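Asks: Sequence:
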Amino acid sequence: MEPVNEHPWNLDVEEALLLQQKLATCVIQEDSLQKIETVAGVDVAYHPVSDALIAAVVVLDAVTLHPVQSVRVEDQVHFPYIPGLFSFRELPPIIKAMKKLTLRPDLIVCDGQGIAHPRRFGLASHLGVLFDVPTIGCGKTRLVGSAQEPGQKRGDFTPLVDDDEVIGSLLRTQDHIKPVCVSIGHRISLATARDWILKLSPRYRLPETTRQSDQLVRRALAQSRQ
DNA sequence: GCGACAG
DNA sequence: ATCTTGTCGC
Numbered sequence: 519m520e521p522v523n524e525h526p527w528n529l530d531v532e533e534a535l536l537l538q539q540k541l542a543t544c545v546i547q548e549d550s551l552q553k554i555e556t557v558a559g560v561d562v563a564y565h566p567v568s569d570a571l572i573a574a575v576v577v578l579d580a581v582t583l584h585p586v587q588s589v590r591v592e593d594q595v596h597f598p599y600i601p602g603l604f605s606f607r608e609l610p611p612i613i614k615a616m617k618k619l620t621l622r623p624d625l626i627v628c629d630g631q632g633i634a635h636p637r638r639f640g641l642a643s644h645l646g647v648l649f650d651v652p653t654i655g656c657g658k659t660r661l662v663g664s665a666q667e668p669g670q671k672r673g674d675f676t677p678l679v680d681d682d683e684v685i686g687s688l689l690r691t692q693d694h695i696k697p698v699c700v701s702i703g704h705r706i707s708l709a710t711a712r713d714w715i716l717k718l719s720p721r722y723r724l725p726e727t728t729r730q731s732d733q734l735v736r737r738a739l740a741q742s743r744q
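Residue numbers 519 to 744, in the numbering used here, belong to the letters of the first sequence in order.
Please keep in mind that the hints were generated in silico from the structure rather than gathered at the bench. Remember, predicted model here, so these are calculated numbers, not experimental data. Misleading hints may appear alongside valid ones.
[To be verified] Below, computed lysine to aspartate or glutamate pairings styled on EDC-like, alpha-carbon distance capped at 20 Å:
hint, residue 1, residue 2
1, Lys614, Glu520
2, Lys553, Asp569
3, Lys696, Asp674
4, Lys617, Asp593
5, Lys540, Glu555
6, Lys658, Asp674
7, Lys717, Asp674
8, Lys617, Glu524
9, Lys614, Glu592
10, Lys658, Asp732
11, Lys614, Asp681
12, Lys553, Asp624
13, Lys553, Asp650
14, Lys696, Glu667
15, Lys540, Asp624
Kindly produce the complete structure, drawing on both the sequences and the hints.
Replies: Okay, here's the thing in structure tokens:
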């Protein structure tokens with residue numbers, strides 16, 4: 519799977535901020551989904567031994583949630599972790615992994631934010647714009663914004679608000695378990711994004727896409743540690 | 001000035 | 001994120 523748009527990654531902080539501002543105008547905050555038959559999850563972990571990042575993409579059947587394809591890739595770190603500039607650290611290995619996919623997923627769920635971001639351009643939006651594929655941001659914690667605690671039942675949600683703007687939802691995926699932070703990545707509406715996250719989280723707090731890509735990454739870490 | 005701050 | 005320690009539930 520090849521990206522539709524590309525840009526340099528050897529940027530300093532100021533250049534990265536400007537690029538976010540520019541690319542944020544490309545985000546489509548509406549559904550433009552065709553048939554969703556496959557859903558992908560992406561995750562990245564830092565490998566301290568080799569000072570590298572390991573990225574994994576797992577593509578699941580949207581009905582059975584069983585994996586149909588998975589890829590893994592290792593890449594050097596070339597940008598520090600800075601809240602708000604997360605994608606400049608994690609996207610290079612993710613793009614490498616995406617290029618190895620022989621099938622094009624209909625939807626991608628990211629472990630991080632979409633437009634629930636200071637400049638409305640988190641990792642999920644960045645990935646979505648570069649590949650022009652529908653994406654959802656599903657973070658374990660929030661980056662910006664404030665929200666009331668949603669009800670205790672699976673499916674309950676509250677708006678995440680920043681600067682008088684609804685930028686996402688706190689969504690309870692399991693009864694009494696800490697909610698996740700859902701936001702639009704690209705080419706999807708917030709309501710549809712919530713529906714998919716709920717559908718992908720039938721048993722655990724996090725969607726199967728995130729859990730399975732996370733598992734693949736952890737397996738690589740444990741393996742190369744010996 | 002101080003805290004907060006996706007992974 | 002990762003690592004460590006401690007506590008609780010299965």
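Asks: Against each hint, give a clear statement of whether it holds in the structure.
Replies: Status of the hints after comparison with the structure:
Between Lys614 and Glu520 the CA atoms are separated by roughly 10 Å; this keeps the pair inside 20 Å, and the hint holds. At most 20 Å may separate the alpha-carbon atoms for a hinted pair to count; Lys553 and Asp569 exceed this at roughly 40 Å. This hinted pair checks out: Lys696 and Asp674 have alpha carbons roughly 11 Å apart, not beyond 20 Å. With a C-alpha separation of about 13 Å, the suggested pair Lys617 and Asp593 falls inside the 20 Å cut-off, and the hint holds.
At roughly 32 Å between alpha-carbon atoms, Lys540 and Glu555 are farther apart than 20 Å, so this suggested pair is violated. Restraint check for Lys658 and Asp674: the C-alpha separation of about 16 Å stays at or below 20 Å, so the hint holds. With a C-alpha separation of about 14 Å, the suggested pair Lys717 and Asp674 falls inside the 20 Å cut-off, and the hint holds. For a cut-off of 20 Å, the pair hint linking Lys617 to Glu524 stands: about 13 Å separates their Cα positions.
Pair hint Lys614 plus Glu592 holds up; C-alpha atoms about 9 Å apart against a cutoff of 20 Å. Under the criterion of a C-alpha separation no larger than 20 Å, the hint pairing Lys658 with Asp732 is consistent with the structure, at around 13 Å. For a cut-off of 20 Å, the pair hint linking Lys614 to Asp681 is broken: about 35 Å separates their Cα positions. The straight-line distance between the Cα atoms of Lys553 and Asp624 is roughly 7 Å, inside the 20 Å bound, and the hint therefore holds.
Among the hinted pairs, Lys553 with Asp650 is consistent with the structure: their alpha-carbon atoms are about 16 Å apart, no more than 20 Å. As the CA atoms of Lys696 and Glu667 are separated by approximately 9 Å, the hinted pair is consistent with the 20 Å bound. Distance check on the hinted pair: Lys540 and Asp624 sit about 25 Å apart at the alpha-carbon level, beyond 20 Å; violated.
Violated hints for the displayed structure, listed by number in ascending order: 2, 5, 11 and 15.
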